[in-house]
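Q: Taken in sequence, the protein lines are chains A and B.
Here the numbering used here is used: the first residue of the first sequence is 213, the next is one more, and so on.
Here the numbering used here is used: the first residue of the second sequence is 868, the next is one more, and so on.
Certain hints may be false.
Said to hold, decoys possible - Here are the simulated SDA-like cross-link-like pairs (lysine to any residue), alpha carbons at most 25 Å apart as the crow flies: (1) B/Lys1543 to B/Ile1095; (2) A/Lys402 to A/Leu343; (3) A/Lys231 to A/Asp428; (4) B/Lys965 to B/Ile1095; (5) A/Lys290 to B/Ile1180; (6) B/Lys1809 to A/Ser273; (7) B/Lys1306 to A/Asn352; (8) A/Lys231 to B/Ile1810; (9) B/Lys1481 to B/Lys1543; (10) B/Lys1737 to A/Glu288; (11) A/Lys290 to B/Arg1741; (12) A/Lys275 to B/Lys1543; (13) B/Lys1733 to A/Glu288.
Bear in mind the hints are in silico, worked out from the structure with no lab data behind them.
Read off the chains here:
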Amino acid sequence: MELLRCENISKVYGSGDGKTVALQDVSFSVEKGEFVSIVGASGSGKSTLLHIIGGVDKPTSGKVFINGTDIHSQSEDKLAIFRRRHIGLVYQFYNLLPELNVDENIVLPHMLDGRKPDKERLDQIVEYLGLTDRRSHLPNELSGGQQQRASIGRALFSKPELLLADEPTGNLDRKNSAEIVELLKESNRKFGQTLILITHDENIALQADRIIYMEDGNITKDDRIRVTDLMGRE
Amino acid sequence: MRNTKIVHQVTLKHMKMNKKRTVLSIVGIALMVMLLTCVFVGKDTAFNYFVDIGSAKNGSYHYAVYDINKDKLNMIRCFEEVTEVGVTEDLALTEFDKSANPERPFLNIRRYSPDAMKWMNIKVVEGRLPENDQEIVVSESAIREGSAIGIGDKFSASTFKRYIRNNSDNDGYLAFPLVQLPAHETVELPFNMFYIDPQSDDGKAFYETHEEIHEPTGFSHEYTVVGIIETPVFESGGCAWYAAISAVDESTLQNETFNALLMTDTNKDQYTFTEAMRNLVGAENFDSNNSVLIFSGNSSENALNFIVKAMQIFFVVLIALISVMLIYNVFALSFDERAKYLGMLSSVGATGKQKRSSVYFEAFALLIPSLPIGFIAGLGVVKAGANWAGPMAQKLFNFDGSAVLDMDPELSITPLAVLIIILLSAVTVFISALIPARKISKVGPIESIRGTKKSGKTRNKAKADPDRLINRSVTGMLSSRFLKNDKSKSFGIIRAVAIFFLVTVTVYFGSSLLILMVNYKLQDNSVKYACSKDRKYVVSMYDSRYEVDFGEIADSIRKTEGVTDVAVCKSDHWAVYIDNDSLSDEYWDAYYQIVSMYYPTGQYSKDDFLKEYKLGYDARSPIGIIAFEDDVFNKMAKETNALSYADGELPCILLNNTSFSTDQYGIAGKSPRDYKYVEVNNPFAPEKGGVLPVYPAALTRDEAIERGYNPDEIDFPEIELDGPADLKIINKVQTKDIGGYLTGSGDMAIYFIIPMSVADYIDKINATPLSTFVLFNCDNQDSINNLSASLAQLEDKGAGVHLMLASTGGAEYKEIIAYLIRIILVIFTTIASAICLLNVYSSISALTVARRKHFAILKSMGSTFKQLIKTEFRESSGMLIRSFLIAAPLTGLICWWLSKFMISRFGYFTVSFPWLEAAGLIVFISAAVLLMTYICLRRENKIDIIDEIKRESV
């Protein structure tokens, strides 16, 4: 069942001589529960694509459908509400609010939706992320790995259908990177969440169901064979 | 040196990159420079302008001394305060047969020494000034009115004094200036007395019973006209002569006694000098040219001198304070940003000293463009203000219409003022940069770059409490966390709001105190006509030898066409007497405070005072009466919750406030060094419901005989009482409680209010009736003219009736000062508030800019704009509460100190804290902060969140 569909997404920065094409007619779709890696060199447009899918950036042209909803046709506030209900975002630089402790950062999107956080779920997530003894800490009192775990916790707490991770391990060492990817994979498996992950790391990319290769704003390769292989193996 | 240079280069680059903050800082400093320019250049410009106007009007001399001889002049020269002396001589009047105006047939010949000529602003229109006592200049008014005189003409002068002899059997008088003309007596006329043309109808009638006599002074002289001068200020249009001025020096003085004009060193104590001069020549022969002296803070009015000087200090301190706060805030708010680039410099080897020098360099780099911008802007403001206020000031100075001044104010820029502005600006900027520079130099490179070290504020660990979290709203959680964990930013706003409140309330309160003091000092010392508030005209009727029926006149006024809103009241300042025991201890304390000012400390004890003042003089004090028509009195009684009274009782309402001041009191013509004002809020001893015994002012027949008067020469009252009349005190009210009925509270004046029916009774127990006032409005000018004419006829017959505007009294220099003080204080309160508001705005703006990434994260997490607004509003509310909690006690403390200081300096008067205004300000500030938050947030909301999301860290 299709969860995400991108139709002819283009993104152009600037104009005239300074014009930069970040994305050029990008189209693809993602099934529910899929784990997709997007790989490519710096400046290939993968982060731009992820931000457009996440609704934090707008395409110059083209449409993004999530569950059949054209997300960019909505007003800013409606899009914000859509985002907090359906999308979980994990950034390379964590983007935690420095004034909130771990617990508060995790429940933030849930609370923004006007819902009371479920204490049991919070305990469960914190434990799952291995942050039980760091709950009252502020982000600047955490290591990079811990901050990224908190960031993943924030993305997972509301059980969004789509999890978008923009180089979540780009700032971490190998051990932490492995743990973070494992967490994301597990949430993909355990909660059936669709995961789109951007990475430079071939090893991480290879753990996905599908790899999309990007270059100069275009999808140069959409490797679904591996998905079939995996299905075959199962 | 090179190391410092590279740091400075980086700093300059950083400033260029952060254009918005740099511009804001320049604007803040330029505003400060502008205000300092307004204070120093504005003060010099205004005061020089007023001195010019005052000089043009009254001359530029400092003091005038009259009727002195050469010995005294030599003694005056010995005063170290006296720097220059000029002499003048009034030679009286001479016939001027070349006059074309029959009502101005004389020349008034005066002689001035060259200095005096200069100081009296004698300005030549044609020809030149006289150089010896053979030469003379004549006022251009003579030429203008057709006199056949010109340069080169010669004439002989024989001076004389003017007298009027009243040959009739009736007493008479001449008005403006008032001269009483008793029957069959000869009276000398004042120098500015008008002349009645014998050929005119009025003249023919007047000279039938009167005769003008000219008594020669014995001075004769030949003069050659060498110039025509601008009409000097002492020549008014209505006088009988034209001014003519000749030259004199001390060797050619005609009379034994003459006048002298003095210039003094105003840096020396003027009070000691004026007291010594009064002792030397007599108080009546010594005058201060206050219209000039007042603006250098050296007038004979010590209280006003103090106010002028206090205001200068007040403004400079205030401007410096708010400027420091504004600039400091700008520096403090950009702390993180600055710390980051300085941290980078530090990581490549910049020392603490270099980092400090970077902040100072930035501060002075900001000062350099700000100085000329602020200075020029300040000059513009001063010029615009001067052009706006100049004509007003001229109008105020022209209050008596004696001279029409047309002078444009000119900017007065002294090198000293420029130096002070530059120095004060530099010091202010240095102080503003001092603390941020010290803080920044202590921040290490890693802390700076990572942003883990904030500007001296440690972060609170946010305790994890899932239970509490569940019950919180997201906006509540975010706002409280922002408030607690981002103290450096929120404290900037808290500080700015607290300063706004503190400065505005303090300036307002301080200004109110000064204005209050000026008003007390300059108040009209009489209780205004009752009911005059909304009425334009008043006919005053007082007892005179020519009796008229006041009631009849009041009725005729009522019937006059166009007359409306007629109100009748009676009033007299010293109408009856009361026992001194009826006056409260507060009254006697206040009285003693003022009297004791005239004696060296400890020389006049309270007991001695009470013995003399309370127990002496029959142990009674005079008291004033105000009587309203019965229905008006009863309405007032009802409105003030007075007690009821029965028929036959004599009700009265005590006006329960008065005051004493050194202005209204004098012992042996002296005045104390310092002004003191003491307010009395309960001068009467008896309470509401009690009895006030009043004694008629008139003597009874027995008392007159007992005191050795001839009973036939005395008017006795219709009812002669054996004892006092007992009035029932149905209420005690403050003037402000009955502001709709009367205004004003005279120094030393005590009054009670009675209905007209009781006033009729008082008239019967007194020999002379209370003065009656008929107040009214009238929109028919013909009716007013007719009424004026018919009353003038009665007045001419000797009746004490007079029509005038209900609001009377002309302005004088003190009122000009009061007016200017009010304007300046209002302007400065407004500007101070505006700067503080700018400070608040820059703090809020800096906070929202610093939160840009926070907002981006929140938005990417799904926050709506409404939620962001709500969060920031909640945070702002928290900051506002903290601000007011900090500012309120501080403001209270400063205001308390200010009021104590003013009371200790000037005396006791009721000072009320402006609660309502403070509450209004809280509402205004709160609304402004929320509005600014909204505006800044809207601005931030337009910025693409993706750009912020991509930034490395918050």
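Q: A separate judgement is required for each hint: does it hold in the structure or not?
A: Hints, verified against the model:
no. : hint                   : result
1   : B/Lys1543 to B/Ile1095 : violated (48 Å)
2   : A/Lys402 to A/Leu343   : holds (19 Å)
3   : A/Lys231 to A/Asp428   : holds (14 Å)
4   : B/Lys965 to B/Ile1095  : holds (15 Å)
5   : A/Lys290 to B/Ile1180  : violated (58 Å)
6   : B/Lys1809 to A/Ser273  : holds (20 Å)
7   : B/Lys1306 to A/Asn352  : holds (21 Å)
8   : A/Lys231 to B/Ile1810  : holds (20 Å)
9   : B/Lys1481 to B/Lys1543 : holds (21 Å)
10  : B/Lys1737 to A/Glu288  : holds (17 Å)
11  : A/Lys290 to B/Arg1741  : holds (23 Å)
12  : A/Lys275 to B/Lys1543  : violated (83 Å)
13  : B/Lys1733 to A/Glu288  : holds (11 Å)
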